[in-house]
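Undergrad: Residue strings, one per chain:
2 protein chains.
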Amino acid sequence: MLKFTHIRQKPPQKLTTKRQLLIACSPLRTHANLSTIIRTAGCCGVREVMATGHVRLIERIARDGATHVTLTVKSSLPPALRKLKRDGYTLVGLEQTTNSTPLSDYAFPAKTALIVGAEREGLSDACLELLDAVVEIPVWGMPFSHNVATATSMAIYEYCRQFPDG
Amino acid sequence: MLKFTHIRQKPPQKLTTKRQLLIACSPLRTHANLSTIIRTAGCCGVREVMATGHVRLIERIARDGATHVTLTVKSSLPPALRKLKRDGYTLVGLEQTTNSTPLSDYAFPAKTALIVGAEREGLSDACLELLDAVVEIPVWGMPFSHNVATATSMAIYEYCRQFPDG
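Chains A and B are the protein sequences, given in the same order.
The numbering of the first sequence is the working numbering, which starts it at 1 and goes up by one.
The numbering of the second sequence is the working numbering, which starts it at 1 and goes up by one.
Incorrect hints may appear among the rest.
[To be verified] When the alpha-carbon atoms are kept at most 25 Å apart in a straight line, the in silico BS3-like pairs for lysine-lysine are as follows:
#, chain 1, residue 1, chain 2, residue 2
1, A, LYS3, B, LYS83
2, A, LYS85, A, LYS18
3, A, LYS111, B, LYS3
4, B, LYS83, B, LYS18
5, B, LYS3, A, LYS85
[As the list claims (entries may be wrong)] Selected chain A positions facing chain B (in silico; Cβ < 8 Å):
#, residue
6, LEU2
7, HIS6
8, LEU15
9, THR16
10, GLY65
11, GLU129
12, MET142
13, PRO143
14, ASN147
In case anyone wonders, no lab produced these hints; they're calculated from the structure.
For clarity, every value in this text was computed on a predicted model and none was experimentally measured.
Note that CB positions come from ideal geometry on N, CA and C, so glycine has one too.
Looking at chain A on its own, in the form it has when it is part of the complex (with noise of 0.2 Å):
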């Protein structure tokens, strides 16, 4: 008898309250990247991904998340973060910035808007002047900076590790 044998189709943790996570994503170059945060944001019982520029899904990389997470595109991201800050969510940045914090060190709050920078530019200044708070992702080696969706990832487990019931 093996101490661990795989679970297949393992039922999923419940949330107690929806998800009020929501990711917003600066334009993004690489559809494979976009696609990656779909599938992460999907699995995570994340609702909306709000995404700018030229976007397209590769549903063989989004899987389900495509159907199961709502995909909201904008022409531009400083209007729409004004509008989030309206709605009441804390605009929190995923960026290398003065008075960044580090990731693990910061407490969400319950509704957050997670705004993710380009590959390339990072978050752009009209949008870091928004920001209520900017988490970064420490890092001890080359090449010293994260792939956009991978710390995307690490940022939204971070989230649900510290709201594991929504």
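Guided by the hints, dock chain B onto chain A, whose structure is given.
TA: This is chain B only, laid out in the frame that chain A set:
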């Protein structure tokens, strides 16, 4: 004066001891997945990734991880895992199994080999029976399972959260 401004080329965190985390991968079908794992490993100061199967790195994805992380290629994982165990590593699988522990509840031993399953099949029984522990990442929604590189990155993040100094 903006509160948050980009820090380019921010110096990485310092490790007081070398990272003792090692990643060992089942044969992965997708070169992008191994390459993503290598990039994350590099950023986190992980020094060795063990791979099996048909191994090829996509440098555009792996970035400097391709040169800064030692990639060891094995023809089969179980003999390599037995060797790691003899060398003092705790073998921790990343999988949904009976007796698996939620990732953030698991206190990693410093000297951990994280054993990663293949995209479709997960970990083989021959690997599972060698493991000391299995960690699983909770999911709350469809598609109910993370991409292997995403899951591995979350697990590396969690290990580093527990060992910020190495």
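Undergrad: Each hint: holds or not?
TA: Hint by hint, here is what the structure shows:
The suggested pairing of LYS3 (chain A) with LYS83 (chain B) holds, with an alpha-carbon distance near 21 Å, which does not exceed 25 Å. Distance restraint check for LYS85 (chain A) and LYS18 (chain A): the Cα-Cα separation of roughly 19 Å lies within the 25 Å cut-off, and the hinted pair is therefore satisfied. Taking the CA atoms of LYS111 (chain A) and LYS3 (chain B), the gap is near 22 Å; set against the 25 Å cutoff, the hint holds. Using a Cα cut-off of 25 Å, the hinted pair LYS83 (chain B) and LYS18 (chain B) holds, with the two alpha carbons roughly 20 Å apart.
Restraint check for LYS3 (chain B) and LYS85 (chain A): the C-alpha separation of about 17 Å stays at or below 25 Å, so the hint holds. With a least beta-carbon distance of about 6 Å to chain B, the hint placing LEU2 (chain A) at the interface is held under the 8 Å criterion. For the restraint placing HIS6 (chain A) at the interface with chain B, the shortest Cβ-Cβ distance is roughly 6 Å, inside the 8 Å limit, so the hint holds. For LEU15 (chain A), the suggested interface contact is upheld, since its CB lies about 6 Å from the closest CB of chain B, less than 8 Å.
Interface hint at THR16 (chain A): violated, since its Cβ lies 11 Å from the closest Cβ of chain B, which is beyond the 8 Å cut-off. Hint status for GLY65 (chain A): holds, given a least beta-carbon distance of 6 Å to chain B, under 8 Å. For the restraint placing GLU129 (chain A) at the interface with chain B, the shortest Cβ-Cβ distance is roughly 6 Å, inside the 8 Å limit, so the hint holds. The restraint placing MET142 (chain A) at the interface with chain B holds, with a minimum CB-CB distance near 4 Å, inside the 8 Å limit.
Annotation: PRO143 (chain A) was flagged as interfacial toward chain B, and the flag holds, the nearest CB pair being 4 Å apart, inside 8 Å. For ASN147 (chain A), the interface hint holds, since its Cβ comes within 8 Å of a Cβ in chain B; the closest pair sits about 6 Å apart.
In summary, the one numbered hint that this structure violates is 9.
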